Structures are given as structure tokens and as C-alpha cells.
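Chains as they are written, first to last, in the numbering used here: chain A, 1 to 116; chain Y, 1 to 224.
It is possible that some hints are incorrect.
To be verified - Away from chain A, derived, C-beta distances all over 12 Å, residues of chain Y:
1. Arg5
2. Asp16
3. Ile61
4. Ala129
5. Pro151
6. His173
7. Ile179
8. Arg185
9. Asn190
10. Phe220
To be verified - Where chain Y lies over chain A, by a calculated footprint (3+ residues, C-beta under 8 Å):
11. 19-30
12. 100-108
Everything labelled a hint here was simulated from the structure, so no lab data went into it. Because the structure is a prediction, the values reported are computed rather than measured. For glycine and all other residues, C-beta sits at the position ideal for the given N, C-alpha and C.
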Amino acid sequence: MHELQVTQRILDIVLKHAQANNVTRVLSIQLRIGELSDLEDEWVQKYFDYLSKDSVAANAKLKIERTPVVMQCDACEHSFPVNIKEIKAFQCPECESKKCSMISGREYYIKDMEAI
Amino acid sequence: MEEIRLIEVKEDIMSDNDAVAKSIRHRLAEAKTFLINLMASPGAGKTSLILKTHALLKKDIRIGVIEADIDSMVDAEKVAAQGAAAVQLKTGGFCHVDAAMVQKGLNNMNLGDLDLIIVENVGNLVCPAEFDIGESKKVMILSVPEGDDKPLKYPLMFSVCDVLVVNKIDYLHMSDFDIEAMRERVLSLNPGIKIFEVSSKTGEGIEAWANWLKGEVISFVTTD
């Protein structure tokens with residue numbers, strides 16, 4: 001879907017940090033993306049290879065860590081991971097309350113990069 | 001041998017969009033204009049709901065519409081024909097509206113003359129969910145013919161919205177859409193969501209939705 005736009009943004013941020021740190025080559029980039037995102041890892045890498053080919057980030061490997069969807073119970077504050085595409089209705093495993101809020105699963109974050 | 005260094009980046013990929021969204025929110029708060037981000041699949045009834053809502057509320061509040069389409073003007077023409085201030089955004093192939101596009105749309109409107117702006121997003125349940133456009137409320141439509149399993153397929157959209165309008169309820173008796181099961185799925189993803197059941201065709205339920213919206217707009221416009 002909008003992988004191209006997101007990938008361009010990843011490259012912009014990486015190049016900014018590369019310049020600030022006098023980097024000659026970026027080897028890998030660690031990303032943290034929430035499981036709720038529909039981005040396809042394979043396409044993000046393909047777009048990245050295309051966009052970055054004439055830069056210091058050419059051939060860098062994107063390492064995407066998917067953060068699970070985690071809910072927190074509003075009543076007892078217990079937090080628990082959920083498989084959002086399977087479960088039809090869920091409740092807190094501790095106190096059985098159905099009022100829970102999502103505390104993780106929507107991330108779009110660049111953690112760090114390996115470079116020389 | 002060159003040394004491999006680990007460089008901390010710690011940046012949100014969406015930060016540029018979020019910064020523009022924040023400035024839109026500030027601008028709208030100054031102008032006292034309420035902004036709705038209306039999202040749904042193609043054919044769920046976004047334009048019809050806008051037309052019905054405009055017809056009901058135009059005597060009480062001043063309404064503008066930003067129509068986003070990949071490459072057509074059809075919706076903006078329909079809305080303008082009914083007397084709403086309409087601006088067309090062509091997204092040029094983009095699958096969603098982002099904050100910078102809305103910023104451009106707002107530059108072509110007179111915010112001082114408007115209490116409410118409805119942004120009709122591109123018909124899509126995936127991408128628009130990821131982009132903050134500076135809206136006051138995110139509203140989505142799910143229409144009965146699409147099926148009651150959509151919260152399982154597009155959980156992000158259902159989890160980020162403040163309001164779900166279930167449209168085309170006049171089709172309920174012809175389908176196996178289980179509205180109670182759908183309601184339970186949506187509420188477990190998003191306990192705070194408000195749900196309205198409507199039919200733009202028969203008019204059923206439209207008033208309850210429009211009254212809620214009017215209440216939100218008036219409280220936004222009159223609060224210091």
C-alpha cells in the first residue's frame with residue numbers, strides 16, 4: 001500500500017543520522033513496527049534498495065522487529081499480549097474485565113543502525 | 001579494518017506527518033473549526049452520509065467538505081451541488097490522505113466561515129488508519145454488505161476510530177450480518193468507540209448520528 005512513502009521517510013531519517021555521524025556506509029537498520037501495521041517486510045526492503053542505491057545506505061539490510069499487540073486492563077492494570085486477528089472478543093485474564101486499552105502494536109520506529 | 005559502529009536513531013517514522021497534524025490541530029483550535037476524518041471502503045456510503053448530514057445540520061452549523069479522490073471530481077461536484085463549501089484533493093494515486101494534503105485543502109477554505117469540516121478520505125480500510133491528519137474525531141463507516149468480519153481483517157482501523165457508523169442497515173434482513181457479534185468484536189478492540197446504526201437510504205438512525213455530531217461541534221466551537 002503506502003510502503004514507498006514510508007520507505008522514503010526511513011531513508012531520509014537514516015541519511016540525516018549518517019551525515020551527522022560521518023558515516024561512509026550503512027550496513028543495517030533496526031526498525032520496530034507494530035503488528036497492527038500492514039506493511040510487508042519484503043516490499044519495504046525492495047523499495048529501500050531502489051531508493052537508496054546511490055547513497056551511503058545502499059545495500060543496507062532492514063531488520064524489522066514486529067512488536068506484538070499488548071492490551072492493558074483498565075481495571076487491574078494487568079497487561080497481556082493478544083493475537084488480534086484470531087480472538088473475537090477478549091477480556092483480562094486476571095480479573096475478566098472487558099475494558100482494556102491497547103498499549104503496544106502501532107509502533108513505527110527506527111531504533112538504531114550499524115555503520116562504518 | 002574499519003570499525004562497525006552502532007548509531008542510535010530513536011526516531012518515529014511518522015514524525016513529519018505528526019508534526020504537520022499537530023500544527024493543523026492548533027490552527028483549527030484557533031479558528032474554532034471541528035474536523036472529521038471520515039474513512040471507509042469504496043462504496044460504504046461516505047458521500048451519501050455527508051450529503052444526509054449536511055442536509056440535516058446546515059441550518060445550525062456551517063459545514064465544509066474536503067473530498068479526497070485518487071483522480072476524480074465526482075464527489076466534490078455532488079457535495080457542492082447541495083450547497084456545501086467543497087474542496088477537491090486529488091491524491092494522485094496515493095491510497096490515503098496525509099496531513100500535508102489536508103493542510104493544502106485548508107489553505108483553500110475560509111476557516112472563519114466554517115464550524116465543521118468533513119474530510120472524505122480515500123476509500124480504503126488499511127492505509128488511512130495510519131495517518132493522523134489533525135482531525136478532532138476519526139469516524140469510520142462499515143456497511144452491512146461488506147460483512148461482519150471486517151473488524152477481524154482490519155483491526156487497526158477499528159481500533160483507532162472514535163465513531164463507527166454502521167450503514168445500510170436496511171439490508172440487514174437480507175444478509176447474515178450478525179450485528180451483535182460485530183459490536184462485541186469492535187468494542188473489545190476499542191471499548192471507547194461510539195456506534196451508530198443508520199441507513200442513508202431510508203434515513204433511519206441518521207438523526208441520532210447528526211445530533212451527536214452537532215453536540216460535539218457546538219461544544220468545540222463554544223469552549224474557550
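These are the hints, each one checked on the structure:
1. Arg5: The assertion about arginine 5 (chain Y) is violated, with a minimum of 6 Å to chain A.
2. Asp16: violated (7 Å)
3. Ile61: Isoleucine 61 (chain Y) clear of chain A: closest Cβ-Cβ about 32 Å, beyond 12 Å.
4. Ala129: It is violated; alanine 129 (chain Y) is separated from chain A by about 8 Å at its closest Cβ, not greater than 12 Å.
5. Pro151: violated (9 Å)
6. His173: holds (24 Å)
7. Ile179: holds (14 Å)
8. Arg185: violated (6 Å)
9. Asn190: Label violated. Min Cβ-Cβ 8 Å, cutoff 12 Å.
10. Phe220: holds (24 Å)
11. 19-30: holds (count 5)
12. 100-108: Coverage by chain Y holds for the segment 100-108 of chain A (5 residues, Cβ < 8 Å).
In this structure, the hints that do not hold are numbers 1, 2, 4, 5, 8, 9, in rising order.
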